[in-house]
Each structure stands twice: as C-alpha cells, then as structure tokens.
Amino acid sequence: MKIKLTDNRFGKVYELEYTRNSVRSMEGMGFSLSEIQKKPVTMVPLLFKGAFIAHHKFVNEEVVNSLFDSVSDKDKLYSTLIEMYKEPMEALFNDETGDEAKNVTWEQE
Amino acid sequence: MGAGVNTPAPQRISLAKQFEDSCPFYMAIGMTYEEYWNGPPELAKYYRESYKVKRDMDNQKLWLQGLYFYTALCDVSPVLNAFAKSGTKPIEYIKRPIDLDEKHAQKTKEENEKEKMNAIKDKMMAFMNVHNDKIKKKKGSDTDAGD
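Here the protein sequences line up with chains G and L, keeping their order.
Under numbering that gives the first Met the number 0, the residues of the first sequence are numbered 0 to 108, in order.
Under numbering that gives the first Met the number 0, the residues of the second sequence are numbered 0 to 146, in order.
This is chain G alone, in the form it adopts within the complex (with noise of 0.2 Å):
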C-alpha cells in the first residue's frame, strides 16, 4: 500500500511507503507503535516522517515538518498510515490467504 501525497504550495507530489528496511530504521530512531497511544506527540510525527525513508531519503526534515503541518484529513491519514506500517510485518508472519482467512470471524455484540 502506498501513499501518494501532493504538495500543492510547491507542485510536489511525495510518494509514501513502509519497506522493511524503513520499519528498521524506525526502530532505530525510537518509533514504537505499541506506545503510539500512549505517546502520540512523539511517535505520530515519527510514524509520518518514517513513510518518506523507502522513497524520499533524503527530504529535509524541515520540510517533512512543513508537509506535516499542513496535511489535511489527518486522522484518517494517520490511520492509513498505521495500517501501512504493519503491511511490512503481517506480509512475513500472517499466512492467512483466501478463504481461510474467512473460516474464523469476529463481531462486537
């Protein structure tokens, strides 16, 4: 799953993504997504700068900033976001394919 995010200010369109090797390198610089609810200051901010690793290394973190700022809809970008990176995990470890994954299903009653 990727993002595509466009800058209108500056004609730039930024393309987000979480690979492996970003999922690590956020790790690195203390991004924990169990703590996302606990510490959201910290870790949101983090959670988005780390979508631009895979494609756009090498942005300045100004301008990371910027475009965090003035994002629109973030809630649900930050869900998006959330959703993105647990794809790098869930492609490794989730085996669920098809129609098994439907054999067992869950509701809240």
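These are computed hints drawn from the structure, not numbers from a lab.
We treat Cβ as the ideally placed atom computed from N, Cα and C, and that holds for glycine.
Heads up, a few of these hints could be off.
Capping the alpha-carbon separation at 27 Å, the derived lysine-lysine pairs in BS3-like fashion look like this [stated by the list, open to error]:
id	chain 1	residue 1	chain 2	residue 2
1	L	108	L	122
2	L	108	G	85
3	G	1	G	56
4	G	38	L	16
5	G	1	L	44
6	L	16	G	37
7	G	3	L	44
8	L	16	G	56
9	G	85	L	51
10	L	44	G	56
11	L	44	G	85
12	L	108	G	48
Simulated coverage check for chain G against chain L, where a stretch passes if three residues somewhere in it have a Cβ under 8 Å from a Cβ of chain L [said to hold, decoys possible]:
id	region
13	8 to 20
14	23 to 34
15	82 to 88
Sample of chain L residues lacking proximity to chain G, with all beta carbon distances greater than 10 Å (derived) [stated by the list, open to error]:
id	residue
16	13
17	14
18	18
19	21
20	52
21	64
22	69
23	118
24	121
25	137
26	138
Go by the hints and put chain L onto chain G.
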C-alpha cells in the same frame, strides 16, 4: 496476593530483529537482499507462496520417481523369485512415460484402444482372406473334377 502481581511485563518485540532473523530464509528461497529490505512488503508473501508451490512440485517429482522405481521392481519381480521356472523373463518396462496430463492421458488411452481394435480387425481380415482363399481353391478343384 493476586495471580498477576509477579507476572513480568511482556517484552517489547523488536520488528527489526524479527526481520533480520527472517532475512536468510527469504534469501534462501530466491528473494534478493534489496527486494527483502527495500522492495514492496507484499513481495515476501509471494515468494513464500511460490516456495510452497515449488516444494509441492518437487514432492510430485519424487513421488513419480518412486512410482517408476516401483513399476520397474514389479516388472522385474518374476525373475527375482527364487522358485521361478527356468526361462522366466521380466515383464517389459512401460514403453512410454506415465502421462500426467489428464486430457492427453485420455487421448492416449483412446488411441491405444483404437490400435487394439485395428489389430483385431487386421487379424480377422487375415483370417477371412485365408478362409476365402481356401473356399476359392476348393471351388476350383470342384469345377476341375466336374469337367
């Protein structure tokens, strides 16, 4: 004291460590280092699926090889019997490889049956020709005797 008081806090799982641990396996099944670390994440899933397919194919090959060995042993078994009569010969080994394509196998089966039918037909024709010749000869000798 509650049951969970002395339970140690769950250790934080390092994804980087898990990725590093899994890397050799994925490289062993054909994924490059670059693909593993910097490629699209879902690529690993397809490599894993393709590995399963390859493993199944290898298993099929080995099974088939076992079947050929078994067939060969069965064919030669009459000779291996210690109490076999002198002059016992092994059964001829299958002429063609076992057909794995179902449609093709059906076609081959039909062709074999047709061949058998043709052989029977040829024998019948040969028998009829011999019989007709005999009748002709008999008729000829009868007419000669009548003259």
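Evaluation of the provided hints:
no. : hint             : in the structure
1   : L/108 with L/122 : 21 Å, holds
2   : L/108 with G/85  : 54 Å, violated
3   : G/1 with G/56    : 15 Å, holds
4   : G/38 with L/16   : 23 Å, holds
5   : G/1 with L/44    : 17 Å, holds
6   : L/16 with G/37   : 23 Å, holds
7   : G/3 with L/44    : 24 Å, holds
8   : L/16 with G/56   : 22 Å, holds
9   : G/85 with L/51   : 24 Å, holds
10  : L/44 with G/56   : 25 Å, holds
11  : L/44 with G/85   : 14 Å, holds
12  : L/108 with G/48  : 66 Å, violated
13  : 8 to 20          : holds (count 5)
14  : 23 to 34         : holds (count 5)
15  : 82 to 88         : holds (count 3)
16  : 13               : 6 Å, violated
17  : 14               : 5 Å, violated
18  : 18               : 5 Å, violated
19  : 21               : 6 Å, violated
20  : 52               : 13 Å, holds
21  : 64               : 30 Å, holds
22  : 69               : 34 Å, holds
23  : 118              : 50 Å, holds
24  : 121              : 55 Å, holds
25  : 137              : 77 Å, holds
26  : 138              : 78 Å, holds
Hints 2, 12, 16, 17, 18, 19, counting from the list given before, are not met by this structure.
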